[in-house]
Each structure stands twice: as C-alpha cells, then as structure tokens.
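Please arrange chain B on chain A, whose structure you already have, making use of the hints.
Number of protein chains: 2
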Amino acid sequence: MEELDKLREKNILAAKKKIAESVNEDDFIIHTINNIEELAKVTNVLTKRLRGWYAIYLPEFSRKVSDNEAFVNLILEKDRKALMQEMKINISMGMDLSKRDLKPIMDLASQIKSLYDLRDELKSYLEIVMSNYCKNMFSITGALLGAKLLKEAGSLKKLSRMTSSIVQLLGAENALFRHLKTGALPPKHGVIIQHPLVSSAKKSLRGKHARVLADKISIAVKTDYFKGEFIGDKLKKDIETKLR
Amino acid sequence: MEELDKLREKNILAAKKKIAESVNEDDFIIHTINNIEELAKVTNVLTKRLRGWYAIYLPEFSRKVSDNEAFVNLILEKDRKALMQEMKINISMGMDLSKRDLKPIMDLASQIKSLYDLRDELKSYLEIVMSNYCKNMFSITGALLGAKLLKEAGSLKKLSRMTSSIVQLLGAENALFRHLKTGALPPKHGVIIQHPLVSSAKKSLRGKHARVLADKISIAVKTDYFKGEFIGDKLKKDIETKLR
Numbered sequence: 002m003e004e005l006d007k008l009r010e011k012n013i014l015a016a017k018k019k020i021a022e023s024v025n026e027d028d029f030i031i032h033t034i035n036n037i038e039e040l041a042k043v044t045n046v047l048t049k050r051l052r053g054w055y056a057i058y059l060p061e062f063s064r065k066v067s068d069n070e071a072f073v074n075l076i077l078e079k080d081r082k083a084l085m086q087e088m089k090i091n092i093s094m095g096m097d098l099s100k101r102d103l104k105p106i107m108d109l110a111s112q113i114k115s116l117y118d119l120r121d122e123l124k125s126y127l128e129i130v131m132s133n134y135c136k137n138m139f140s141i142t143g144a145l146l147g148a149k150l151l152k153e154a155g156s157l158k159k160l161s162r163m164t165s166s167i168v169q170l171l172g173a174e175n176a177l178f179r180h181l182k183t184g185a186l187p188p189k190h191g192v193i194i195q196h197p198l199v200s201s202a203k204k205s206l207r208g209k210h211a212r213v214l215a216d217k218i219s220i221a222v223k224t225d226y227f228k229g230e231f232i233g234d235k236l237k238k239d240i241e242t243k244l245r
Numbered sequence: 002m003e004e005l006d007k008l009r010e011k012n013i014l015a016a017k018k019k020i021a022e023s024v025n026e027d028d029f030i031i032h033t034i035n036n037i038e039e040l041a042k043v044t045n046v047l048t049k050r051l052r053g054w055y056a057i058y059l060p061e062f063s064r065k066v067s068d069n070e071a072f073v074n075l076i077l078e079k080d081r082k083a084l085m086q087e088m089k090i091n092i093s094m095g096m097d098l099s100k101r102d103l104k105p106i107m108d109l110a111s112q113i114k115s116l117y118d119l120r121d122e123l124k125s126y127l128e129i130v131m132s133n134y135c136k137n138m139f140s141i142t143g144a145l146l147g148a149k150l151l152k153e154a155g156s157l158k159k160l161s162r163m164t165s166s167i168v169q170l171l172g173a174e175n176a177l178f179r180h181l182k183t184g185a186l187p188p189k190h191g192v193i194i195q196h197p198l199v200s201s202a203k204k205s206l207r208g209k210h211a212r213v214l215a216d217k218i219s220i221a222v223k224t225d226y227f228k229g230e231f232i233g234d235k236l237k238k239d240i241e242t243k244l245r
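If you read the sequences in order, they're chains A and B. One gets my numbering by counting positions in the first sequence from 1 and adding 1 to each. One gets my numbering by counting positions in the second sequence from 1 and adding 1 to each.
Bear in mind the hints are in silico, worked out from the structure with no lab data behind them. Check each hint, because a few of them may be wrong.
Each pair may be met inside one copy or between any two copies, as identical chains are not told apart.
Subject to a maximum C-alpha distance of 35 Å in a straight line, what follows is the list of computed DSBU-like cross-link-like pairs (lysine-lysine) [what the hints assert, rightly or not]:
(1) K19 <-> K228
(2) K79 <-> K237
(3) K104 <-> K49
(4) K114 <-> K100
Model, not experiment: these values are computed from the prediction.
This is chain A alone, in the form it adopts within the complex (with noise of 0.2 Å):
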C-alpha cells in the first residue's frame, strides 16, 4: 500500500514538471504582444482625460500638439510660463492652477509617462525572445508584426504549419468569412499589411507585395520551427528581387 502512495506521488510530481515545462517562449511573446496592445488603449483613455484636465490650465497647448506621447512629455518638461512663451501667447485663456489643483494633474501625467516606459521595456523584451526564439521571422517581420502573426496563429507551431496564404490573412478572417458568405472581395492582407513593404508600397500592389511578404514569412517561420540555420538575409533579398 506505501508503494503504491509513493507511486501516485510520483506521478503526481512528474505530471507536474510536464505541466511546467510545457510552457515556452510562445506564451512569453503572446503576452507581451497583448499587453503592449492593452498599453497603447490605455494611455489613450488617460491622455485623453490629461488632455481635457490641462486645457483647465493652458487650453491653447492641448491643440498644438496632437501626438499624445508628445504631449504628456512636453508638459512634464517645461512649466506653463515656458509652454507659453514658446506659444508665443502672453495671457492665456486657462487659469492659473494653486499647487493643490495642479498636482492630480501632474501626477497623472507622470503615471502616463511610466505606461509608455512599460510599453518601450516591453518591445525591448519581445525583440530580445523573438530574435533567438525565431529569428529568421523576426530578421523580416520585426519584433511587433512577428508577435502579432504568432499570437493570430496561436504558436509558432501552428504558424509554421500554415500555408502562405493563410499567413498572407491572418487577422484578416472577418473579411475572408464575409467573401465566403457574401461573396464580397476577398481580403488581400491581414496583420501583414503593417509592414513597410506593404502599407507603404501603392494600393494596386498591396496585394502582390502581402504575398510576396507571406511567402518568405512562411519559409522563415517554417525554418525557425525546424531550428533550422539563419537564412534571414537571404529571404529579404530575395523579397527585395521579386518587388522590384
């Protein structure tokens, strides 16, 4: 009866192990990926809400500069006194804050900075996994639209397991069920259409160079899987040859 405690105990220990170690970089590079997403809505609500907050303060800066990032940077820098001589205004519309009234908005714009910290340290992390765990996908696609195809995917198992077709839409499925259904145009690119290649080339060549792109996305993925060797270099000319 002891022996047979022991056994399941055992077991029970080795069932464990096989749990833990069934973790890999997949779920690292997956989380990061959604939290990095999570990062961007979030500071835009808090932003947002400093945005409306600070025009108590100096309405006229809040519209001069439209990036957010910018924004919550520069009033964290300088003082109102200096926003407005760079403005160029000598009396503003907004009201000059007590210190009591100031600081909730301060400290906000503070906490926002530190959002934005987390979502850079966050990027520096994917890039650090992905370019040893795939790295010949990450040599074309970079850190964030390699995380996107993977997270879509699911692991770079299945990744590796997709056509180039399917890697070409990924993230596009709404689309493609539709065309399906509907027998709307199909859709030419999914997550892909973030890269350069892609969104910057002309609309009438999107669709070429998100198959292009997939093409040699699925051999790298397919390779990374395989612990095949660096063949990174390779494939991006060879993209660069075909788009030419």
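Coordinates of chain B only, in the frame set by chain A:
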C-alpha cells in the same frame, strides 16, 4: 485708430480673463471622479493580463486571491518561494522563470500598483476639494458619491436646482425612460444606491431609504450652493430619525 486697437486689445484681454475665471471647482471635481472611474477600468484590464502572465510562474496563487489589488500587492511583496510556503505547496505547476522573463511581469505589477496609488491620491484630493466646496453634501454622501451626483447633474448649480426626486434618480436615466416608454417598473434609485444606507438596506426598503436620503441631499446641496451654514450634522440626524 491706435486708440481703437488698444480698446480692442483690452477687450480681448478682458474676455480671456473672464474665460479663465469661469473655471471652478465643478471642473476639478468632474475630471477627478471621471479619472477615478477610468483608473478602475484600466487597472482591471491590466491586472487581468498580469494574472494570466503570472500564472506561468505560479498558477496556484492567482486562484487563491480574488481581489485584484491584494493580488498585485502580494506578488510585489513576497517572492515565489514565500508564496509557495504560505500556500503549503512544495512543487508548483508553474515554471521557474529566468530573471529576463520575470522582469516584464514584475514591472507590470509595479505599474499597476502606482495606478492604484494615483487613484488613492485622487480620492484624497476629491475629499479636500468637496469638503470645501460643498461641505453639507459631502458630510452626507462622502466624496465619491457626492462627486458622482455632481457629475451626473453637470455642476453644483444645476444639482442645486433639481428636485429631490430627480436627485434620487440621477444616473438611472435609462431605466426611467424605459419606464416612461414601455411601462416597465420605474427605477427607485440612481447612483444614490452606492450610499451604505441604501445599498445595505433590505430590497423592499431601498426605495424608501433612497427617497429620504435624496430629500436631505437636495437640501444640503441648495445650502452649499447659496453658501449657507454647515447643517450636515443636523441633516444626518434627520435621516437617522426618519429611517429608524
């Protein structure tokens, strides 16, 4: 001509000043309560991510602590070993992460903690502003509920002009219009439900409690708006007597 220019300039200046002076405590209070509500949503989203991510490391722990804030504080205070000892488990199903992979998780946790800290700071700020600006309402409702009523109304002025039956239903506009349109049961309370005297009452008594409370809040707000004396204690006693 020069005279005219000067006059024009003077007028613009005067207008700018008037605009600057038109800002008042209402704006501070409304921005603050909105931001507190946004921070609640934001920390929720981020803690959900943190729980999933941390579960790679120590899955047994996430299930044990259901409160988000407590979860964040605990994983920041205690390391994996200490948490496992507390839960009396020898071997976790989680993976012992390298420093590199643990860092983004812990940094996310610190960020969430700072957001909770900001929320606490905003709450204290709200208490200071409201205890000056509308001390009578504040003494009955506290900072959060009072600010929500003020936000729903738009300003202290508008709130002071509302009848107590409107105050009772502030924030329940949807239910009210559904009642008027479809004949569904009318709502008995709006945001006022958040007052402990209403929320902790028996369901059958909540309507009555909300009405009595709204009555006194309405008197308090009018007194605040017309800069009357402090009658908060008296009003609170009245409420107690009526609900005994």
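Going through the hints against the structure:
| no. | hint | result |
| --- | --- | --- |
| 1 | K19 <-> K228 | within (22 Å within a copy, 70 Å between copies) |
| 2 | K79 <-> K237 | neither (44 Å within a copy, 47 Å between copies) |
| 3 | K104 <-> K49 | both (18 Å within a copy, 29 Å between copies) |
| 4 | K114 <-> K100 | both (20 Å within a copy, 24 Å between copies) |
Consistency with the previously given hints fails for number 2 only.
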